[in-house]
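Peer 1: Chain by chain, the residues run as shown.
Number of protein chains: 2
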Amino acid sequence: MRSKSEKVRRQLIDAAYQSFWQSGYTRTNVDAIAARARVTKRTLYGHFRSKDNLLEAVLSHYEEFAAQRLAHIGERIPGGRDSLIEAFFAQLARWASTTPRWTGSGLSRLVMELADLPGHPARVMARRSKATTESWLAGRLGEAGIARPRERARELMLLMEGAMVLTLIHGNQAYIGAAAQAAKRLIKSK
Amino acid sequence: MRSKSEKVRRQLIDAAYQSFWQSGYTRTNVDAIAARARVTKRTLYGHFRSKDNLLEAVLSHYEEFAAQRLAHIGERIPGGRDSLIEAFFAQLARWASTTPRWTGSGLSRLVMELADLPGHPARVMARRSKATTESWLAGRLGEAGIARPRERARELMLLMEGAMVLTLIHGNQAYIGAAAQAAKRLIKSK
Numbered sequence: 001m002r003s004k005s006e007k008v009r010r011q012l013i014d015a016a017y018q019s020f021w022q023s024g025y026t027r028t029n030v031d032a033i034a035a036r037a038r039v040t041k042r043t044l045y046g047h048f049r050s051k052d053n054l055l056e057a058v059l060s061h062y063e064e065f066a067a068q069r070l071a072h073i074g075e076r077i078p079g080g081r082d083s084l085i086e087a088f089f090a091q092l093a094r095w096a097s098t099t100p101r102w103t104g105s106g107l108s109r110l111v112m113e114l115a116d117l118p119g120h121p122a123r124v125m126a127r128r129s130k131a132t133t134e135s136w137l138a139g140r141l142g143e144a145g146i147a148r149p150r151e152r153a154r155e156l157m158l159l160m161e162g163a164m165v166l167t168l169i170h171g172n173q174a175y176i177g178a179a180a181q182a183a184k185r186l187i188k189s190k
Numbered sequence: 001m002r003s004k005s006e007k008v009r010r011q012l013i014d015a016a017y018q019s020f021w022q023s024g025y026t027r028t029n030v031d032a033i034a035a036r037a038r039v040t041k042r043t044l045y046g047h048f049r050s051k052d053n054l055l056e057a058v059l060s061h062y063e064e065f066a067a068q069r070l071a072h073i074g075e076r077i078p079g080g081r082d083s084l085i086e087a088f089f090a091q092l093a094r095w096a097s098t099t100p101r102w103t104g105s106g107l108s109r110l111v112m113e114l115a116d117l118p119g120h121p122a123r124v125m126a127r128r129s130k131a132t133t134e135s136w137l138a139g140r141l142g143e144a145g146i147a148r149p150r151e152r153a154r155e156l157m158l159l160m161e162g163a164m165v166l167t168l169i170h171g172n173q174a175y176i177g178a179a180a181q182a183a184k185r186l187i188k189s190k
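Protein chains in written order, with the numbering used here: chain A, 1 to 190; chain B, 1 to 190.
Quick caveat, the hints were computed from the structure, so don't treat them as lab data.
Cβ atoms here follow ideal geometry from the backbone N, Cα and C, with glycine treated the same way.
Be careful, since some hints might not be right.
Under the rule of at most 20 Å between Cα atoms (straight-line distance), these lysine-lysine pairs were calculated in the PhoX-like manner [what the hints assert, rightly or not]: (1) A/184 <-> B/7; (2) B/4 <-> A/188; (3) A/188 <-> B/184; (4) A/184 <-> B/51.
The calculated label-pair distances, taken between Cβ atoms and stated as ranges, are [stated by the list, open to error]: (5) A/98 <-> B/188: 35 to 41 Å; (6) A/86 <-> B/41: 51 to 57 Å; (7) B/5 <-> A/90: 54 to 60 Å; (8) A/41 <-> B/151: 49 to 55 Å; (9) A/65 <-> B/121: 45 to 51 Å; (10) B/7 <-> A/35: 44 to 50 Å; (11) B/5 <-> A/60: 51 to 57 Å; (12) A/61 <-> B/65: 24 to 30 Å; (13) B/3 <-> A/56: 48 to 54 Å; (14) B/121 <-> A/95: 37 to 43 Å; (15) A/86 <-> B/147: 21 to 27 Å.
Partial chain B-side listing against chain A, Cβ under 10 Å, derived [what the hints assert, rightly or not]: (16) 22; (17) 108; (18) 110; (19) 114; (20) 161.
All chains should be built: construct the whole structure from the sequences, respecting the hints.
Peer 2: As structure tokens, this is what we get:
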């Protein structure tokens, strides 16, 4: 059974995640996070000493979540050369279309927001997380018998990041479909 | 001859551009812009009524600049199927490697920062600017005799946006080279 303190901590992490993801890191303040979690600011500071500290907790929680999500996609992919690509972009399209006010990759947005602070802990974590996804993809492409899996995995990352930015800019998911088509052609081309 | 007032206005736009581009919109304050432009805050407010107003001026200046840059790239491209792609990504690589503390596309970053505000004037301008670049590319690809130029132009945009995000995340320009290679393969593939 989770203690009350653990439950409150988790509520705060969820509230911080929602707030950062919706309004960005800089424009979110600690009061808004406390209000969303329905706790006092005093309680918030009993768990986290600063907004930066909360961000670290959110990111480390996110890292576990992202690893679970990759494992989950991995399990559900049937055989066949295109199916991994399709599953990957279908998951992105589903995420973008079912999330109210979808704003793309929280990690990529955080890096853009903290672009002048390359040493920030959030930047370090973003690098690690994107590198993990790229390696995971290379592994899966290799298992599917696709030639030069590391190069193809990098291209998938380029297309996926581009699709998220342009879907957000244009408010148009056609960019996700275009990215999926391009990825399939790249897998087939010499 | 430019009047003193025009000169100060231009100084303020340049200072605001630099500040927004380096630290993002939210974390830049009007005091920092005035200090960078070497004018008093009173002078700044004599020209612009708010930070939002300054952002509008910066973006409209940027729009002209971007149009000139596209025309400039267009003029210098020799014939041949790959040369447009090469020129496009070479220009991106040059920009990323010669700019101190390069942080990618200011417009894309602004959209990420204002992700929860789809009606913001900066978002409208970003959409228009990215659409202009995509159409320009489609026109050039069509002139070069490349089949399905609109689809290929969209793929170039995806790869370019992805390359900027991932170069910033990893601090590694290899992503620009990978995007250029992928673009050339997409142009050749069926």
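Peer 1: None of the hints should be skipped; say for each whether it holds.
Peer 2: Verification of the hints:
{"no.": "1", "hint": "A/184 <-> B/7", "verdict": "violated, 52 Å"}
{"no.": "2", "hint": "B/4 <-> A/188", "verdict": "violated, 61 Å"}
{"no.": "3", "hint": "A/188 <-> B/184", "verdict": "holds, 14 Å"}
{"no.": "4", "hint": "A/184 <-> B/51", "verdict": "violated, 45 Å"}
{"no.": "5", "hint": "A/98 <-> B/188: 35 to 41 Å", "verdict": "holds, 36 Å"}
{"no.": "6", "hint": "A/86 <-> B/41: 51 to 57 Å", "verdict": "holds, 55 Å"}
{"no.": "7", "hint": "B/5 <-> A/90: 54 to 60 Å", "verdict": "holds, 56 Å"}
{"no.": "8", "hint": "A/41 <-> B/151: 49 to 55 Å", "verdict": "holds, 52 Å"}
{"no.": "9", "hint": "A/65 <-> B/121: 45 to 51 Å", "verdict": "violated, 35 Å"}
{"no.": "10", "hint": "B/7 <-> A/35: 44 to 50 Å", "verdict": "holds, 47 Å"}
{"no.": "11", "hint": "B/5 <-> A/60: 51 to 57 Å", "verdict": "holds, 52 Å"}
{"no.": "12", "hint": "A/61 <-> B/65: 24 to 30 Å", "verdict": "violated, 42 Å"}
{"no.": "13", "hint": "B/3 <-> A/56: 48 to 54 Å", "verdict": "holds, 51 Å"}
{"no.": "14", "hint": "B/121 <-> A/95: 37 to 43 Å", "verdict": "violated, 28 Å"}
{"no.": "15", "hint": "A/86 <-> B/147: 21 to 27 Å", "verdict": "holds, 24 Å"}
{"no.": "16", "hint": "22", "verdict": "holds, 5 Å"}
{"no.": "17", "hint": "108", "verdict": "holds, 5 Å"}
{"no.": "18", "hint": "110", "verdict": "holds, 9 Å"}
{"no.": "19", "hint": "114", "verdict": "holds, 8 Å"}
{"no.": "20", "hint": "161", "verdict": "holds, 4 Å"}
In this structure, the earlier hints numbered 1, 2, 4, 9, 12, 14 are contradicted, and the remaining ones agree with it.
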